[in-house]
Amino acid sequence: MTDDPRPRRRLFDSGFFFILAIALASGAGVLVTQGWEAFREILLSDLGLAALLMPKIAAGVLLATALALVLPKDKVLHHVGPESGVRGLAIAATAGAVIPGGPAVTFPLTAGLMTAGADLAAGVAMVTGWILLGLNRTIVWELTFLPADLVLLRVLLSLPVPIVLGLALRAAVRHRARRRAS
Amino acid sequence: MNILIGTILIWGAAFWAVRHLHRTAPEARPELYRRAGETFLFMLPRLAVGLIGAGFLAALLPEAFVQRWLSAQSGVSGILLATGFGVLTPGGPFVAFAIGASALKAGAGAGALVAYVTSWSLVSMVRTLSYEVPLMGRRFTLLRVMISLPAPILLGLIASLAQ
Numbered sequence: 001m002t003d004d005p006r007p008r009r010r011l012f013d014s015g016f017f018f019i020l021a022i023a024l025a026s027g028a029g030v031l032v033t034q035g036w037e038a039f040r041e042i043l044l045s046d047l048g049l050a051a052l053l054m055p056k057i058a059a060g061v062l063l064a065t066a067l068a069l070v071l072p073k074d075k076v077l078h079h080v081g082p083e084s085g086v087r088g089l090a091i092a093a094t095a096g097a098v099i100p101g102g103p104a105v106t107f108p109l110t111a112g113l114m115t116a117g118a119d120l121a122a123g124v125a126m127v128t129g130w131i132l133l134g135l136n137r138t139i140v141w142e143l144t145f146l147p148a149d150l151v152l153l154r155v156l157l158s159l160p161v162p163i164v165l166g167l168a169l170r171a172a173v174r175h176r177a178r179r180r181a182s
Numbered sequence: 183m184n185i186l187i188g189t190i191l192i193w194g195a196a197f198w199a200v201r202h203l204h205r206t207a208p209e210a211r212p213e214l215y216r217r218a219g220e221t222f223l224f225m226l227p228r229l230a231v232g233l234i235g236a237g238f239l240a241a242l243l244p245e246a247f248v249q250r251w252l253s254a255q256s257g258v259s260g261i262l263l264a265t266g267f268g269v270l271t272p273g274g275p276f277v278a279f280a281i282g283a284s285a286l287k288a289g290a291g292a293g294a295l296v297a298y299v300t301s302w303s304l305v306s307m308v309r310t311l312s313y314e315v316p317l318m319g320r321r322f323t324l325l326r327v328m329i330s331l332p333a334p335i336l337l338g339l340i341a342s343l344a345q
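First to last, the sequence lines map onto chains Y and V.
For the first sequence, our numbering gives the first residue as 1, with consecutive numbering after it.
For the second sequence, our numbering gives the first residue as 183, with consecutive numbering after it.
Just to be clear, a hint being listed does not mean it is correct.
[To be verified] DEER-style ranges, computed between Cβ atoms:
#1 143(Y) <-> 205(V): 40 to 48 Å
#2 149(Y) <-> 211(V): 50 to 58 Å
#3 85(Y) <-> 280(V): 35 to 43 Å
#4 205(V) <-> 28(Y): 49 to 57 Å
#5 11(Y) <-> 266(V): 32 to 40 Å
#6 176(Y) <-> 257(V): 35 to 43 Å
#7 31(Y) <-> 289(V): 52 to 60 Å
#8 149(Y) <-> 245(V): 33 to 41 Å
#9 54(Y) <-> 259(V): 40 to 48 Å
No wet-lab data here; the hints were simulated from the structure.
For each residue, glycine too, the CB sits at the ideal point set by N, CA and C.
Make a model of the complete structure from these sequences and hints.
Structure, rendered in C-alpha cells:
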C-alpha cells in the first residue's frame, strides 16, 4: 500500500478563511447594492446547489481516493511522473481533454493521479487540457454560441498551452531545487 | 438533470474502483474509507462557502456591463481588459460564451474574444475558489493560476494579428 503523502490538514486553515473573506465581502456588496431580498435569494439558491452537488462530490472523492490506491505507482510514474518529458505532459493534457465531466470529476481525478505519482506539471497539464480543450464543452457549448472559425482559431492557439505550462512549471521546480542545493 | 446524470456516472466509476481495490488489496479498505472521509469533510465547508461567494460575485458583475466594455475597447488595452473580465466572469459552462457572442455582434475583435474565453477558461475566479482550492489545495491552485495568466494575453495578441 502507498503511503499517504498529503500533509496533515486542519479543517479550518487560512485557505478556508480566504474563501470565507471573499464570500463575506461579495455578500456585503450584494447586500448594499441590491438589498436583502436579492441577498437571501442568492444565498438560498447556492446553498441548495451545494446540497445538490454533495453526492457528486462524495463520489468524486471516493473515486479519487480509490484510484490513488488502485493505480500501479510505477506505471503512473513512468507515464506522467516528473521524468516523463513532453510525452507525459501530452498524455495528461489529452486525458484532461477527452474525459467528460465538470470540475467535480476532473479535479478529483487529477488529485488521485497526483497521489499515485504524477507530478505537479502533469497535474497542471491535465487541468489545463480539460479547461482549454475539453471536447465536451467546446462541441456542446462553444460552437453553439461562437462562429466556427473563431472557435477553431482559439483551439489551435490553445493546443500547445498545457504542454508549455507544464514545461515551464518543471523548469521552475528544477530551478528552485538547484538554488536550494547551492 | 445534468447533475443527476453526472452523479450516477461518477458513482458508477467510484464503485468500479472500490470493487477493484476490494479484489486486489482488501487490506487497504479501512485506509480508503478513512482517507475519503477526511477529504470529504475537508471539502464540505470550502465548497459550500465557495459556491455562495461565487453566487454573490456573479450578482455583482452584470453581463451587459461586461459585453459593453468588451466591444468598446480595442487593441492591447482591449485584450488586457478582456483578460480581467474573464477572471471575474462566473457561471456554468456557457455564460462566457453567451457574453462573448453578444460582444462579438456589438463589435468586439477576435483578439479580445479569444483573450476573454481563454482567461475565463483558465482562471475564472469562481470555479477556482469553489472547486479548485478545496479539491487541489492552495499551492497547486496558486502555481497554476500564476503560470496561466500570461496565456490569455498572448493568445489574444496572436489572434488579433491572425484576423
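Checking against the hints above, which ones are violated? Hints 7 and 8 contradicted; others consistent.
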